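Protein chains: 2
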Amino acid sequence: MVTAGDKPITYKDAGVDIDTKSRAMRAVAALARQTHGPQVLTGIGSFGSLFRPDFRGLAEPVLVSSTDGVGTKLLVARRLQRFDTVGADLVNHCVNDILVMGAEPLFFLDYIAAGRLTPELMTGLLTGFARACQEQGVALVGGETAEMPGLYRPEDFDLAGFIVGVVDRAHILAPERVRAGDELLGLHSSGLHTNGYSLAQRIFFDRERMEPTDPLPGTGTSVGEALLAVHRCYLSALRGLLRDPALHAMAHITGGGFTENVPRVLPEGLDAVIDRGAWEVPVLFREIARRGPVERDEMDRTFNMGIGMVLIVDAALAERVRGQLVAQGERPVRIGRIERGDRRVRYEGQGRS
Amino acid sequence: MVTAGDKPITYKDAGVDIDTKSRAMRAVAALARQTHGPQVLTGIGSFGSLFRPDFRGLAEPVLVSSTDGVGTKLLVARRLQRFDTVGADLVNHCVNDILVMGAEPLFFLDYIAAGRLTPELMTGLLTGFARACQEQGVALVGGETAEMPGLYRPEDFDLAGFIVGVVDRAHILAPERVRAGDELLGLHSSGLHTNGYSLAQRIFFDRERMEPTDPLPGTGTSVGEALLAVHRCYLSALRGLLRDPALHAMAHITGGGFTENVPRVLPEGLDAVIDRGAWEVPVLFREIARRGPVERDEMDRTFNMGIGMVLIVDAALAERVRGQLVAQGERPVRIGRIERGDRRVRYEGQGRS
Chain V
0 MVTAGDKPIT
10 YKDAGVDIDT
20 KSRAMRAVAA
30 LARQTHGPQV
40 LTGIGSFGSL
50 FRPDFRGLAE
60 PVLVSSTDGV
70 GTKLLVARRL
80 QRFDTVGADL
90 VNHCVNDILV
100 MGAEPLFFLD
110 YIAAGRLTPE
120 LMTGLLTGFA
130 RACQEQGVAL
140 VGGETAEMPG
150 LYRPEDFDLA
160 GFIVGVVDRA
170 HILAPERVRA
180 GDELLGLHSS
190 GLHTNGYSLA
200 QRIFFDRERM
210 EPTDPLPGTG
220 TSVGEALLAV
230 HRCYLSALRG
240 LLRDPALHAM
250 AHITGGGFTE
260 NVPRVLPEGL
270 DAVIDRGAWE
280 VPVLFREIAR
290 RGPVERDEMD
300 RTFNMGIGMV
310 LIVDAALAER
320 VRGQLVAQGE
330 RPVRIGRIER
340 GDRRVRYEGQ
350 GRS
Chain S
0 MVTAGDKPIT
10 YKDAGVDIDT
20 KSRAMRAVAA
30 LARQTHGPQV
40 LTGIGSFGSL
50 FRPDFRGLAE
60 PVLVSSTDGV
70 GTKLLVARRL
80 QRFDTVGADL
90 VNHCVNDILV
100 MGAEPLFFLD
110 YIAAGRLTPE
120 LMTGLLTGFA
130 RACQEQGVAL
140 VGGETAEMPG
150 LYRPEDFDLA
160 GFIVGVVDRA
170 HILAPERVRA
180 GDELLGLHSS
190 GLHTNGYSLA
200 QRIFFDRERM
210 EPTDPLPGTG
220 TSVGEALLAV
230 HRCYLSALRG
240 LLRDPALHAM
250 AHITGGGFTE
260 NVPRVLPEGL
270 DAVIDRGAWE
280 VPVLFREIAR
290 RGPVERDEMD
300 RTFNMGIGMV
310 LIVDAALAER
320 VRGQLVAQGE
330 RPVRIGRIER
340 GDRRVRYEGQ
350 GRS
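Protein sequence lines correspond, in order, to chains V and S. Each residue of the first sequence is one higher than the one before, counting from 0 in numbering that gives the first Met the number 0. Each residue of the second sequence is one higher than the one before, counting from 0 in numbering that gives the first Met the number 0.
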C-alpha cells in the first residue's frame, strides 16, 4: 500500500524510539535483578511480574498496597539534572505509606513517563529505584516506561510507584487502637520529603529569583541540594516496633502536613494536640515561611516541618518506646498527645525559630 | 514571622487546591466502594489499602503484578474532552497483562497526575476505573491524585494503573510450555487499544489536518470515536481456559505489535510464523497505513492490526479451544503456528485489504 515517492513514516519519526527503550529495559533488568530474592520467579520482560509470597508465620496475611508520585520535586531534579535521588524518594515514600499500616514491603513497580527518555534520565531513576529497593529489602519486580512526545514536553517527566507489602491481620495499625492520653512521638525528616515543592519553588525560584546553586543561609548547602534531599525511609527504625502493643498508630506526614495526615489515623471523638514549641523547625522550613511569607497554619498543612513520621503510643510505655528508637539512632521528640475532640489536629505553643 | 504588609501566600496560590482534591477523593471513595467485596478491609483514605486474599483452593499462590499507562491515547481523550473511556482502557490493559500469565485479577490502584484537576476530568476517569473494575471483578482499592502545575500544562494529564492478581504456580502460562507445531489463535481487538497513538494522531491530525469529528470512511463513525474505542478486556472470554492444558501461552498485543510481543512468550529455538492473509485488517489500521504511508512491517511492530490477543495452543486441541471461544462469543482466527527458529516473529502472506 506504500506509494512510491512518499517517504514512509515510522514510529520513530513520530518521536518514539522503541530501540532506545529496549536498551534501557535491559539496563533495568540488570539493576532490578540485584533486588530479587527467591520469592521473585521472573525478571523483567514478561507481561506481569511473578512473586511467590512466603506467608509462613502469619496467621492471617493481609496485603497492603499503595501508590504515589514524587510531585513537583521532579522539577528540582530537572533543574539540577540529577535523577537518582527522586527515584529513591519514590520507593521510600511508598515504603513509609504501608509501614504506617504495620506492613513490611514485598515488591515495588515503577511507572516512568517522559517527553524524551534520555539515557541519563533512565539510568538515574533506575539506579535510585534499585538502590532504595535494595536498602529496604524490597523486590523491584517490574515497571512501565513510556516515551510520550506530545503529552510531555521533551524535558518533562513524571513517576509513579506502586508497592505491595504484608501484615498479619492482628497487627494492623489502625485508628481503633488510639486512646485519649496517648503520646505523639515525632521522628525527624530529612527535608521537605516529597511535599510542598510547588510552593517552595515558587518562593525560592520564581519570587526570589534564586538559582539552585545559591547557598541556603545557615545550612552549609545550596537551595537545590537542600530541596533534593532524599525522602527518609523509616522502615529500619520502626521494624522492631511493628508488633509492639505500645504502638497504636502511625501517620506519614506527606501532602497536607500534620493537619491532614494525623487525622487519617484518629478515631471518632479524639483530637491530636501538637505543641509547636516541642522541636526546632529546620532552617529550610523557616526560610520558606519567612520569605513567602507563609503563615504557620499554612505551613503546617503543607509541609512536614521537620517531623516526617508521627507515632501514637501508649503513654505508659512511651518512655520505653523512645528508648528503643534512640537505640536505633533516632532522636524521637514528644510533640503532643491525644485528647477528646473531633478528629482534628489542634496546635498549641509557638514554633521555635 | 509574617510581616505586616506582605500578603501571605498559600499552597492554593501556588496552584494546588487541596480542598478540590479532598472533594474529589470523597467521590472516588463512593465509586470505589462499589467494587469492594469482603476481601477489601478498608476504603480509600488510609495510607495503604488492605486486601485479605482468599487463597483457598490454590496449592501455591503466586502474586502477579503489572503497571501500565494509556500513552498518547490520552491526547485523543483530551481533544474530545471525554475521560471515562481511557479510565476503562487502563484497567482493561492491566487485567490483560496479568491474564496472559494465567492470573485472575485481585485489586487495582490508579495514579492520576494533571496540571489542573477539573471535576470533569476526575469524574470521567474515576467512573471509567470503577466501571471497568466492576465489570472485571477487580477491587479498586486505592490511588493517588496529584495536581502539578509547572510539571503539567493546565490541560495535560497522565495516568498509571497498577494491578495485582493471583495464579496457582502449576498454572502459570510461560514460554516453556510452547512447542513446535503449536497453533496461534488470534482474538479480535476493538481498535488501536492503547498503542500507536503518537503515529496515528500524527497522520490523521497533524499531516492530514483532520478533525476528530470528521468521518472515518467505511466505518460509520468519526476518527475521534474510532481512536477512542475502549481497549478490550479478554478476561471473561479466557477465564475458562486458564487451567486448560491445551493453552500453552498468550501474548497481549500492546506497544511493539506482534513483532515485539509474541516473542515475549517464545522459548529459545522457536519462532512464531504469522500469516498476514489469515484475517482482514480493520479499516482504521488500513487508513493509517494508506495515509502515512506506513509499511506493513512498521505497522506490525506498532499496532495490533485487529488482533489484540494471541493464544498459543496445542495443535491437536486447537479446534476444541476454538469451539470454546466461539461459545464465549469470540471469533477466533488461526493466524499462524510455531516453528523452529530463534524467538522471532516471521511473517508470510499478503495482508488482505
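Hints were generated in silico from the structure; no laboratory data involved. Be careful, since some hints might not be right.
Claimed, not checked - With the Cβ distance kept under 7 Å, some of the chain S side facing chain V (calculated, not the full set):
{"id": "1", "residue": "GLY36"}
{"id": "2", "residue": "PHE50"}
{"id": "3", "residue": "LEU74"}
Computed from a predicted structure; not experimentally measured. Glycine is no exception: its CB is placed at the ideal position from the N, C-alpha and C atoms.
So, going through the hints one by one against the coordinates:
1. GLY36: violated (14 Å)
2. PHE50: Hint on PHE50 of chain S: holds, closest Cβ of chain V at ~5 Å, below 7 Å.
3. LEU74: holds (6 Å)
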